[in-house]
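Visitor: Please build the complex by placing chain B on the supplied structure of chain A, with the hints as guidance.
Those protein sequence lines, which keep their order, are chains A and B. At position 176 of the first sequence (counting the first as 1) the number is 176 in full-length UniProt numbering, and the numbers step up by one without a gap. At position 248 of the second sequence (counting the first as 1) the number is 248 in full-length UniProt numbering, and the numbers step up by one without a gap.
FYI, nobody ran anything at the bench for these hints, they're computed from the structure. Glycine included, every Cβ here is placed at the ideal spot set by N, Cα and C. It is possible that some hints are incorrect.
Simulated restraints, written as ranges between beta carbons of each label pair [unchecked claim]: (1) A:Arg82 to B:Leu629: 20 to 30 Å; (2) B:Leu560 to A:Arg82: 20 to 30 Å; (3) B:Val661 to A:Gln50: 19 to 29 Å; (4) A:Arg121 to B:Asp563: 18 to 28 Å.
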Amino acid sequence: MANRTSAAQRPNGSTQGKICQFKLVLLGESAVGKSSLVLRFVKGQFHEYQESTIGAAFLTQTVCLDDTTVKFEIWDTAGQERYHSLAPMYYRGAQAAIVVYDITNQDTFARAKTWVKELQRQASPNIVIALAGNKQDLANKRMVEYEEAQAHAEENGLLFMETSAKTAMNVNDIFLAIAKKLPKNEQTTGPGGSGQGRRLVEGDSGAKAAGNCCK
Amino acid sequence: MDSETNSILIEDSDDSLLDFKELNDLEYDIPPVAPPTLESVLWDLESEEGSDSTSLHSLHSLTQKSKSMLYHGILQGISSQVASAGERVSAGLPTVISNSVKFVAVGTSHGFALAFDSEQKLCWCCHDLSTNDQGAISALAFNLDSTRLLVGYERGYISMIDTNSGDVIRRLPDAHAPQSAVLHLRFTSLNGLALSGDSAGCVFSLTFNRRLGVRTWDSKCLFSGARGEVCVFEPLVQDHHLQLLGHHILVAMATLSKVIVIAIRPRLKILFTQQLPRVATTLPLLSWQIVSVGKVLQPVLAWGRSNELNYTRVLAGLNGNKLRLSQLRSVRLSYTLSTIHWIGSRHLVTIDTSENLRLIEVRTQRELEVIDITSAGLVYSSAHFKALALGGGVSEAFALAGERACYSSIVSRGDQLLVLGTKNVQIVKLRTWSERLNYLSDQGRWAEALNLAAEENMHRDKAAMVLLEKFLINLIQNGVDRDSLTAAVNCCVKLNKIDLLCNDLWDAVALDQYTLEWYYTLLIDHISDGSLYFLNPSVAQALVTYLHQKSPTLLENVLLSIDLSCLDLHQVLGICRKNKLYDSWIHITTKTMGDYVSPLTEFIGELTPDNHKLGNTLLVYVSACLSGLGYPHGKIPDRDVQRIKHDVLRCLETVHTVHAVENEQNFPYLRALLKYNTRECLNVVEIAFREVEFSGEMGLLQRQRLVQILLQIVTPPEFSDSEVIILACFISRLITSANLSADEEILNTVVQSLTNAGDKLSLRDHSEREQAWIDLLNGQKMGHLDLDAQLQTALDAKCYKVVECIYEKQGKFANILECYLNDKVRHVEVFSYIRKYISDEERCIRQQFMANFKTLVDVDSKRTADVVIENYSKLAEQLCCILETDSELLYKFLSQIIYTDVKLSPKTTEEYLRLLCMKNPSAVYSYVKLNLCRVEEALKITQKYQMHSSVAWLLEQSGDFEQALNLLLRHNMIDSALEVCIRGSEHLDAKETQKLWLELLKHPTVVENISMRELLHSAAPHVPPAQLLELVTDANLGDIKVLVEGMLSDCEHDIQLLNSTFKILSCDLHHGLAKFLCYHGKGISVQTLNCNLCQKTLSNRLDNKEEKIAVWGCGHSFHTACIALLDDGRCPNCKTSATHSSNQKPPRRIRYESKSDSIRLRPDLEGHF
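Pulled out of the complex, with its shape left as it was, chain A reads as follows (with noise of 0.2 Å):
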């Protein structure tokens, strides 16, 4: 499993010795495509016929970001309109979501706004939502046009890539711009600095253990 990996590599592996955390969650409409997505980013699979998600899956990965190593523990919802009412479990105490659309079909965009409303209006307010437009490969039979979504996406503030599991275009770049706009400042200051919960604190003890053992 990677996370298993990342963590024995730690105590020899990365000498800046700076570990983030963050969660991070998939919504979006039924069938668009965000367990492709992130089995595409985390085991780097496709599946023609990827069974559809009940409930909620979790997935981890760890990406190495300049300095830091940054680990993803990553919410993949079912977007089943009958899972709606789990969500909010899972994006209230995300630090970061990715909301996806399948631009072949406009329904799946129009909920994907829904959903970004619902993040900008229920989730804690510093989250990083990025909007994918996924099945860029069958672009086509493209519904959805990309300057739509682009504007949409700067009007409220949000990543935006359009993207394919299948060809894996963008898929790891949209991870890693979360990445990056994650406030990784926060994650020193300790427990105090930050409204985001629990996951800070592991990233404080964890930083200062790494540092120790490497003295």
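Guide: For chain B alone, coordinates are given in the frame of chain A:
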């Protein structure tokens, strides 16, 4: 004073410079609990409530805590400076040590006093030239404020030093008994009051004053050594802010035989005395400490001698009045004490004669640690005790006891103890909690350290965190063992360090499969006992994967008790679905999504009649939902209850599933549940009907609708008769309890199912069906149906209960009995029916009884007989006739009534005898004995069936003993024969009896069957012995011995009897004669010589010369010839008087006046006497 009182001299363990530092509690994040260990529980022992589980727990783990409680080190700074003082200024060896809040003072053998501050720096050295001749310093004492130091010398001098400058400010050359060494000096809580003790055993109080700038002092003898020498005393010193005892100043003193506690202020008063063990070579020991008992502080004195240790506490009333001391406990030790000191308020330090220092927890008296302090070369002040510098003059006992005196070389303060040795000065200190954590972790004793950390309260978080982090680093570097991992997980869970538990610790253990498994096991334990609720999602995910492979049931438990937001639902729900963990699937789905319908829709396809796990789960689930309860536990949030009830009900009432296939039957969910278990499913519905949703106008409609659906679903052939009946019963219950309005359609369907069901029903179904039917009948719900038709249906369906009910309604009582008899289940109840209505003419019980008599007897002959005996005893004969054809029943019936009072004709009784002979020969004899039959008839019957004993008995009855005997003998029934003989002897004359016996005795097999002895014994009275003996010639002596003995004793008895009779007879004879003689010997006076009748003289004999004269006792006399005519035996003259002596009269009457006769008789008689 402020918190400095508790300030502690501690030493940096890893720093060799060994400087004293003042420690602030705040720095070490110790919560502000004034004296360090407030929850001392020593006193619980007395109050008998000291078994709270937490302290027991901590007690238990003490074994592992050992060797971490005490810090033991050398005060290098002081040691080296004392040594150099000895070398450079010839101060001599150290003799005394004392400490205060600010200083440590050491006295030497050449009269030098050295004072050190908390950094171990020498503050001043005092060598007073005027005391040059006073020899060694033998006592030192600081006051409470550390401003003054009292110095006592072995030659008796005392001086006071200002601790700031080291100048002598008071000199007390003659403060106590002359020619004695100063052994003890102590300040009380007051700066102006000190105590001194000397080698004469006296105690003086020293008071200091400063009037008009002149320092004065005064001394007063408190206790004279003449009465018993005081070896040691210890004032109770309390801080100024502590006013526990008001203005009282307590001093504990110990002589060689007693321990005494006195108050010296405000008035001198003895509060407490107690005997000390008498061990001549040891000194008594005292130590005060102020200990908290709950929220109250109380001074406690520890005192002891030799191997005995006692604790006594001081109880004070309000304002410190009414002081009272009470003994807490007494302990016997395995070693000999040489000193005791409190260290902290929970522990006591003892040093034994071999210089082993022991730490004792006061509450439990457990020995926690032992340290050897021989390396210090402990200083003993025995020389002072013997007052060697003054040339002795000390009592022998005192000198002997003082052999190992170390009162002034070991001092304690707070939680530390100073030991003065000739080689160095050592410090022993009780570690605080955080110091112990550090110590243990530095030693790598992780399990102990972590357990210790987990035991403490939450607000010591920080130190525990530091410890955990240290542990993690160690773990990554050195690997991990089970114990410390257990302790670490426990610690994390206790302190709620989930992040640490799930990130760092998990990362560290994840490398090793074996450790990882252990880690999982620990997590599962904590989750199961509810102490761990939340996990990091990654760990939760891994744990689920692990459990999925290992034990699905355990997984279910974990899933049911863990926070759902940390679970990977996609993974978990998939696993639950695959492993049929229905409970957790339902739990998760309902709790996270609020979706209460999907459990039904999801699993309905799997629900087969044998899938009990799912079936029961679903039934319970539906029931819980409809009652607004959570599944598998808890409650549905109030605001959702309405919706969920509605949803679930709607789902049950769904006509078709979403993905309905072509041939799907309607109402798939309810149908599946009904098919799984109709009865239970209907119970669920019935329970649900009690809810608010199903009451009222709307509720009634809901119910109506649901019942309609149920009726639609439960139809043959898909559902069995039994299930149809169950539904019908269910509905009829609803109808009769007015929970359902009976519209005709429903009613018809129900009645139809009730009436049309086949006869293959189980007993339970059948009875329920009958009951439902009857309920409907009684509830007037079937008014539209013809009773007669129903009666016919009921008869056809064998619902006899229903039939009975209809008969009752119609008043056709004549057939009711048959209903009972036809119903195999209920036929026994017929008797209670009979009894109930037996006097009811209308019900014609008698006729029915007669008509069905045979059947009744067949059902229960005893109860039938009871009825007959009670009510129809006169009909008994007639009833027997009814049974005549069936001998079996007749026999049963008769056997019940024959022995009762019912009069039966001889014909019947003889018939019974006949039956008895056939069916139960063994009972015949006793029956015959009852004499119920005519003898001749009975004889005939029994002879026919060869009931020999009975025949014999009957023969006997008719007087034919002989024949009876013969019969019995013929059939070898010797016992009976013997009895016949015995009975016969009572009834027959001797001759016949003898004949009978001879018959018996002559029978060849007799001897074989009865013991000869018994036989002879019985026969002896009736058969002449000679003949008897002859008959039993072959008998051995043993058998006839009794007989012969009996005969002999009889004979002897007879002879004796004869003798006695003779004796009595002759005795009687003699008495008779004697009386007679007596009468006759009495004289009679004759009043007149004339005959009272004829008035002629008596001598005048009339015609006959032989004429006699009769004289009566009254004195009247007559001629016999005169009275011959009135021969009535009375005196003719005075009849009355004559009657008075009537009994004497006849003899007198016949007395004759012939004196010669009587004289003749006399000699004979005399011969007899």
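Visitor: Against the structure shown, which of the earlier numbered hints fail to hold, in ascending order?
Guide: Those not satisfied: there are none.
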